[in-house]
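Q: Here numbering that gives the first Met the number 0 is used: the sequence shown runs in plain steps of one and ends on residue 357.
Incorrect hints may have been included.
DSS-like mimics (lysine-lysine), calculated; alpha carbons at most 27 Å apart, straight line [what the hints assert, rightly or not]:
| # | residue 1 | residue 2 |
| --- | --- | --- |
| 1 | K133 | K300 |
| 2 | K248 | K300 |
| 3 | K73 | K57 |
| 4 | K246 | K263 |
| 5 | K263 | K248 |
| 6 | K357 | K274 |
| 7 | K341 | K312 |
Hint data in this document are derived by calculation from the structure and do not stem from the laboratory.
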Amino acid sequence: MRRAIRLAEKGAGRVNPNPMVGAVLVSGDRILAQGYHRRFGGPHAEAELLSSIITAPKDAILFVNLEPCNHQGKTPPCAPLIVEKGIRKVVVGTIDPDPLVNGKGISYLRDHGVDVEAGILSDDCRTLNESFIKFRTTGMPFVVLKWAMTLDGKIATVENASRWITGEDARKEVHRMRQKYSAVMVGVNTVIADDPLLNVRLRRNEIDHPLKVITDTRCRIPLESKVLTNDPQLTILAVTDLADKIKVKEVERLGAQVVLCPVKYGRVDLDFLMKSIAAMGIDSVMLEGGSTLTFSMLREKLVDKIVGFVAPKIIGGSTAPSPVGGEGIPVMEDAIEIREWKTRSVGEDIVIEGYIVK
Numbered sequence: 000m001r002r003a004i005r006l007a008e009k010g011a012g013r014v015n016p017n018p019m020v021g022a023v024l025v026s027g028d029r030i031l032a033q034g035y036h037r038r039f040g041g042p043h044a045e046a047e048l049l050s051s052i053i054t055a056p057k058d059a060i061l062f063v064n065l066e067p068c069n070h071q072g073k074t075p076p077c078a079p080l081i082v083e084k085g086i087r088k089v090v091v092g093t094i095d096p097d098p099l100v101n102g103k104g105i106s107y108l109r110d111h112g113v114d115v116e117a118g119i120l121s122d123d124c125r126t127l128n129e130s131f132i133k134f135r136t137t138g139m140p141f142v143v144l145k146w147a148m149t150l151d152g153k154i155a156t157v158e159n160a161s162r163w164i165t166g167e168d169a170r171k172e173v174h175r176m177r178q179k180y181s182a183v184m185v186g187v188n189t190v191i192a193d194d195p196l197l198n199v200r201l202r203r204n205e206i207d208h209p210l211k212v213i214t215d216t217r218c219r220i221p222l223e224s225k226v227l228t229n230d231p232q233l234t235i236l237a238v239t240d241l242a243d244k245i246k247v248k249e250v251e252r253l254g255a256q257v258v259l260c261p262v263k264y265g266r267v268d269l270d271f272l273m274k275s276i277a278a279m280g281i282d283s284v285m286l287e288g289g290s291t292l293t294f295s296m297l298r299e300k301l302v303d304k305i306v307g308f309v310a311p312k313i314i315g316g317s318t319a320p321s322p323v324g325g326e327g328i329p330v331m332e333d334a335i336e337i338r339e340w341k342t343r344s345v346g347e348d349i350v351i352e353g354y355i356v357k
């Protein structure tokens, strides 16, 4: 099952909004075949694996991290193919929460004489596909809030210098994270201050860049911004009726998509925006700031997970910005809590990650 999970991870950022799935067929202590879901619209893991098998040995066991499907989608169902190839035992990591599956694949296999064991490394399997699970069960994107700060909680100096807070290893990990999620999201102040590309910069032959979602209540984005001059078709600008309509048309002419949102708290209605991008099939968002947008997303209970990079540096400054700004929470009893948190090292930096208590 661990091997199936590792195979599944190879599809990160390429199969969304489908789940990451890996499959391993074994006979005794031999691996007969393996496969994974490589790209959205392509063969599922089980189909890729079984394409090299005519008839499975009687003692063959198929390990797959997610329940095989039993419905026709962009590709044929996998459960009937498993039966057709003569596999008599299947070990499943976790049940597929998609209403089209949700136990039906396992039932089909059992009804056709296949021994199915479910729940092996289920926590690991669910964590692997946490974006898919939330998207399929709630219709909303899974939102990961990422920030990088110094040990004294600053994301930039008093003169707004932020390059580089963390080391090279941490910055590479951020790009691997961007590859995994469907969209990267920032506020317009971040675009104005830093002019980021918001793309993936890794040494790979094939890179799928995420969509770039920018919240910009009044359409203040500079037309020469890199997000509008580099792959503007990947940029989604969220504005309101407070925006200059002529400027909005100019942004659209550059190739970006504009989403008109209601006003809430004087800014873009973030709940409306999340529902809008979910309707586009965006199953996951990596939120990278700035501090005002971060607080607003937390206040609206739209963040699921936090990944904080902490550098062993101190810069001080009472006016130096911190990861979370906005109006703030007035009483400690209302503080946002993190559960299932854990720490690890990435190069010279520490990563703290956990899930928001809602």
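Q: Compare the structure with each hint and give your call.
A: Okay, the hints, checked on the actual structure:
1. Of the pairs offered as hints, the one joining K133 and K300 holds, with about 14 Å between alpha carbons and a cut-off of 27 Å not exceeded.
2. For a cut-off of 27 Å, the pair hint linking K248 to K300 is broken: about 32 Å separates their Cα positions.
3. Taking the CA atoms of K73 and K57, the gap is near 30 Å; set against the 27 Å cutoff, the hint is violated.
4. Proximity of K246 to K263 is assessed by CA-CA distance (about 21 Å); at most 27 Å being required, the pair is judged to hold.
5. Simply put, K263 and K248 have alpha-carbon atoms about 23 Å apart, close enough for the 27 Å limit, and the pair holds.
6. Distance check on the hinted pair: K357 and K274 sit about 18 Å apart at the alpha-carbon level, within 27 Å; holds.
7. At roughly 21 Å between alpha-carbon atoms, K341 and K312 fall within 27 Å of each other, so this suggested pair holds.
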